[in-house]
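Below are the chains, spelled out letter by letter.
Number of protein chains: 2
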Amino acid sequence: MTVTLKEIQDAYQRIESHIVKTPLLNSPRLDAIAGRRLWLKAEPLQVTGSFKFRGACSAVSALSSEVLERGVVAYSSGNHAQGVALAAKIWGARATIIMPHDAPANKVANTEAYGARVVRYKRGVESREAIGTQLATQEGLHLIKPYDDPHVIAGQGSIGLELVDQLRDAGAKASSLLCCCGGGGLSAGLATALHSLAKDITLHTVEPEGFDDTARSLSLGERVTNATEQGSICDAIVTPTPGELTFPVLKRYAGPGFAVSDMAVLNAMKVAFDTLKLVIEPGGAVALAAALDPATLPDDQELVVVASGGNVDERVFQQALQFG
Amino acid sequence: MTVTLKEIQDAYQRIESHIVKTPLLNSPRLDAIAGRRLWLKAEPLQVTGSFKFRGACSAVSALSSEVLERGVVAYSSGNHAQGVALAAKIWGARATIIMPHDAPANKVANTEAYGARVVRYKRGVESREAIGTQLATQEGLHLIKPYDDPHVIAGQGSIGLELVDQLRDAGAKASSLLCCCGGGGLSAGLATALHSLAKDITLHTVEPEGFDDTARSLSLGERVTNATEQGSICDAIVTPTPGELTFPVLKRYAGPGFAVSDMAVLNAMKVAFDTLKLVIEPGGAVALAAALDPATLPDDQELVVVASGGNVDERVFQQALQFG
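Same order as they appear, the protein sequences are chains A and B. Each residue of the first sequence is one higher than the last, beginning at 1 in full-length UniProt numbering. Each residue of the second sequence is one higher than the last, beginning at 1 in full-length UniProt numbering.
Among the hints, erroneous ones may be present.
As the list makes no split between identical chains, a pair holds if one copy fits it or if it spans any two.
Quick list of in silico lysine-lysine cross-link-like pairs, BS3-like style, CA-CA up to 25 Å [as the list claims (entries may be wrong)]:
#	residue 1	residue 2
1	173	89
2	89	199
3	199	173
4	21	173
5	6	21
6	122	21
7	251	89
8	270	199
9	6	122
10	251	6
11	173	122
12	21	199
13	89	21
14	122	270
15	199	122
16	6	270
17	199	251
18	270	251
Please keep in mind that the hints were generated in silico from the structure rather than gathered at the bench.
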C-alpha cells in the first residue's frame with residue numbers, strides 16, 4: 001500500500017474522535033528570539049504526550065477483530081510504545097511492548113500504566129526487530145512497526161491535514177517546515193500531505209548531530225546507517241537508518257535535512273518553556289533548535305516547526321532549565 | 001456598565017483575531033491520578049502566557065483614539081502587566097506598568113520587552129492603586145485596573161464562550177468548574193458566561209491558603225481582607241480583597257470557594273508537567289491542585305479546571321519538578 005492523501009484522510013476519519021487537534025502556537029517573544037516569525041505545531045499536547053498516538057490509533061483501528069483478539073506487539077524507545085499501549089486499550093486488544101534498557105523511566109512506567117506488557121532489550125546489542133518478529137510468530141501477535149507501516153505513516157500524516165488549515169487561518173506565509181526525524185514516519189506522512197495540499201511548503205528533516213542518517217541519506221540519494229545508536233539525549237529519534245517505506249517518500253518530497261547539537265536542543269527546550277509554556281522532550285525539540293539557528297535557513301523566512309513530543313524525565317528537563 | 005453575555009460577546013469579537021483559542025486538554029493518566037475525569041482549559045498557551053491578555057485586549061480595544069494617543073497605565077504583579085503592555089503595543093498606545101518589588105524577574109523582563117515603561121513599588125508598604133491614580137492624573141494616562149473594569153471582566157469571560165463549545169464537543173458531563181481567583185476578574189467573567197450558556201455548571205473559586213479572601217467573603221456574604229499580601233508562592237493571585245465589581249457577581253453566581261497549600265500547588269505543577277506537558281505557574285495551578293484533592297468535591301464528578309497562566313521562573317519550576 002502506497003500512502004497518498006486518501007489514506008491519510010481515511011486514517012484521520014478513524015482516529016479523529018480519539019486524538020487532540022493540537023494547537024498551532026506562536027509568540028511575539030519567541031519570534032523576537034528567533035529573529036523571524038515561527039509557527040509551532042504542539043504535539044506534546046497530544047494524548048500520550050506525542051504524535052505517535054496518531055499513527056498507533058491509525059494502525060490499531062485498521063485491524064480486524066480476529067487480529068485484535070490475538071493482540072499486538074511493538075518495539076519502541078517510548079513514544080510509539082505509549083501510543084500503541086493506549087490505542088490497543090481503546091480498541092480492546094492486549095499489547096506487548098519491547099523497550100530498550102535505557103528508555104526513560106517515565107516512558108516505561110506510562111506504557112505499563114496503559115496496561116501493556118513491557119519486555120526490555122539491550123540497545124546496541126540485541127535487535128529489537130528480531131525480538132519483535134519472534135514474539136509475533138510465537139504468540140500470534142500483530143507487529144506494529146514504529147514507522148515502516150503504511151497505516152502508521154498515514155496516521156502521522158494527519159498532522160498535515162490540521163496544519164494546512166491552521167496555517168491558512170493564521171495567515172501564515174511560511175514556505176519551509178522543519179520536522180523532527182527518527183525513522184521518518186512523521187516526516188514521510190507529513191510530506192505526503194503537504195505535497196497534496198500545500199505544494200509551496202518544503203519539509204526539511206532535523207536530527208541530532210552524529211545521528212543524521214536521514215540528512216546524509218537524502219544528500220547521497222541512498223539509505224546510510226549511523227555509526228552508533230547511543231550517546232544522544234534525543235532518545236525518541238535515535239534510529240540507525242531511514243525506513244524502507246519512508247525514505248523513498250522523503251527522497252521525493254523533502255528538502256535537505258539539518259542536524260543540531262545537544263546544547264542547541266536543551267536551549268530550545270528552555271526557550272519553549274519560557275515563551276510557549278510547553279514541555280518538549282529533547283527528540284521533540286530538534287526542529288525548534290534548528291529554527292532558532294540563523295544559519296539553518298535565510299532569516300527573513302517564516303518557518304513552521306513541529307514539536308513532536310513532551311515525554312521527558314524531570315532530570316533532563318532540569319538540565320534544560322539551567323540554560324539561557 | 002454591568003457585564004452580561006452581550007458585553008462578553010462584544011469583547012470576543014474585538015479580540016478574537018489577536019488571542020489564542022486555547023485547547024481544552026485531558027489525559028487518561030491525569031484522570032487516573034485525579035481519580036475522576038478532568039478537563040483543563042490551558043490558558044498558559046495564551047499570548048503573553050496567561051488569560052490576562054484577553055482582558056487587556058478587551059479594555060485597550062474599547063478605548064477611543066484620543067485616549068490611546070495619551071497612553072495607558074496599569075498596576076500588576078506581572079500577568080496583567082504583560083497583557084496590557086502587548087495589547088497597548090498592538091493598538092498603538094504607550095504603556096506604563098506599576099509592578100511590585102518582588103515580582104518574578106521574568107515577568108518584569110517580559111513587560112519591558114513588550115515596550116512598556118516599568119515603575120516599581122514596595123508591596124505591602126506602598127499602595128499601587130495610589131501610585132496608579134497619581135500617574136494617571138499627572139500624565140493624563142488611562143488606568144486599566146486588573147479586575148475592577150467591566151471591559152477587563154468581559155474579556156476574561158471570553159474563556160467561557162470557548163469553553164462551553166469545547167465541553168460540548170468533547171462530550172463532557174461536568175457540573176463543577178474550578179477557577180483560580182485573585183481579584184475575581186476571571187471568575188466573575190467566566191461565571192457570567194456560564195450563567196447564560198451553561199447553567200448546569202457551578203463555578204468554584206480556588207485560592208492559596210492564608211489568602212482566601214474570596215472564599216471567606218463568599219461564606220460571610222461580604223468582602224473581607226487577607227491578613228497579609230506576602231508569603232505565598234502564588235504571586236499572580238495574591239490580592240488583598242475581592243473586587244468591588246467582581247464580588248457581587250461571584251456572590252450571585254459562584255458556589256463555595258476552596259483554598260490549597262503551596263505543597264499542593266507544587267505537586268499540581270509537577271502533575272501537569274508529567275501528564276499534560278503544560279507549564280503552569282503557581283497561581284495558575286491552584287484550581288488543578290484543588291481538583292487533585294479528593295476532599296474538594298465528590299470524587300465521582302467530572303470536573304473542569306482553568307489553568308490560568310504559565311509565567312514561572314525556572315527556579316520555582318525546579319521546586320515543582322522535585323515533587324512526586
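Hint by hint, here is what the structure shows:
1. Taking the shortest Cα distances, residue 173 and residue 89 sit within 25 Å of each other only across copies (22 Å), while inside one copy they are farther apart (40 Å).
2. For the identical chains of this complex, residue 89 and residue 199 are neighbours neither inside a copy (37 Å) nor across copies (35 Å), given an alpha-carbon limit of 25 Å.
3. Taking the shortest alpha-carbon separations for residue 199 and residue 173, only the intra-copy value of 13 Å comes in at or below 25 Å, while the best inter-copy value is 42 Å.
4. For a Cα distance limit of 25 Å, the shortest separation of residue 21 from residue 173 qualifies both inside one copy, at 21 Å, and across copies, at 20 Å.
5. In this assembly of identical chains, residue 6 and residue 21 lie within 25 Å of each other by CA distance solely inside one copy; the values are 19 Å within and 29 Å between copies.
6. Within a single copy, residue 122 and residue 21 get their C-alpha atoms no closer than 35 Å, and across copies no closer than 44 Å, so neither meets the 25 Å cut-off.
7. Taking CA atoms no more than 25 Å apart as the test, residue 251 paired with residue 89 passes in neither setting, with 35 Å inside one copy and 45 Å between copies.
8. When the C-alpha separation of residue 270 and residue 199 is checked against a cutoff of 25 Å, the pair qualifies neither within a copy, at 32 Å, nor between copies, at 41 Å.
9. Taking the closest pair of Cα atoms, residue 6 and residue 122 never come within 25 Å of each other, the shortest separation being 39 Å inside a single copy and 62 Å across copies.
10. Taking the shortest Cα distances, residue 251 and residue 6 sit within 25 Å of each other inside one copy (21 Å), while across copies they are farther apart (54 Å).
11. In the homo-oligomer, the alpha carbons of residue 173 and residue 122 never lie at most 25 Å apart, since the shortest distance is 45 Å inside one protomer and 45 Å across protomers.
12. Proximity of residue 21 to residue 199 under the C-alpha cut-off of 25 Å is restricted to the intra-copy arrangement: shortest distance 22 Å within a copy versus 27 Å between copies.
13. Taking CA atoms no more than 25 Å apart as the test, residue 89 paired with residue 21 passes inside one copy only; the shortest distance there is 21 Å, against 31 Å between copies.
14. In this homomeric assembly, residue 122 and residue 270 never come within 25 Å of each other (Cα to Cα): the closest approach is 31 Å inside a single copy and 30 Å across copies.
15. In this homomeric assembly, residue 199 and residue 122 never come within 25 Å of each other (Cα to Cα): the closest approach is 42 Å inside a single copy and 56 Å across copies.
16. Within a single copy, residue 6 and residue 270 get their C-alpha atoms no closer than 38 Å, and across copies no closer than 41 Å, so neither meets the 25 Å cut-off.
17. Within a single copy, residue 199 and residue 251 get their C-alpha atoms as close as 15 Å, which meets the 25 Å cut-off; across copies the closest is 56 Å, which misses it.
18. Taking the closest pair of Cα atoms, residue 270 and residue 251 never come within 25 Å of each other, the shortest separation being 32 Å inside a single copy and 41 Å across copies.
This entry does not satisfy hints 2, 6, 7, 8, 9, 11, 14, 15, 16, 18, going by the numbered hints stated previously.
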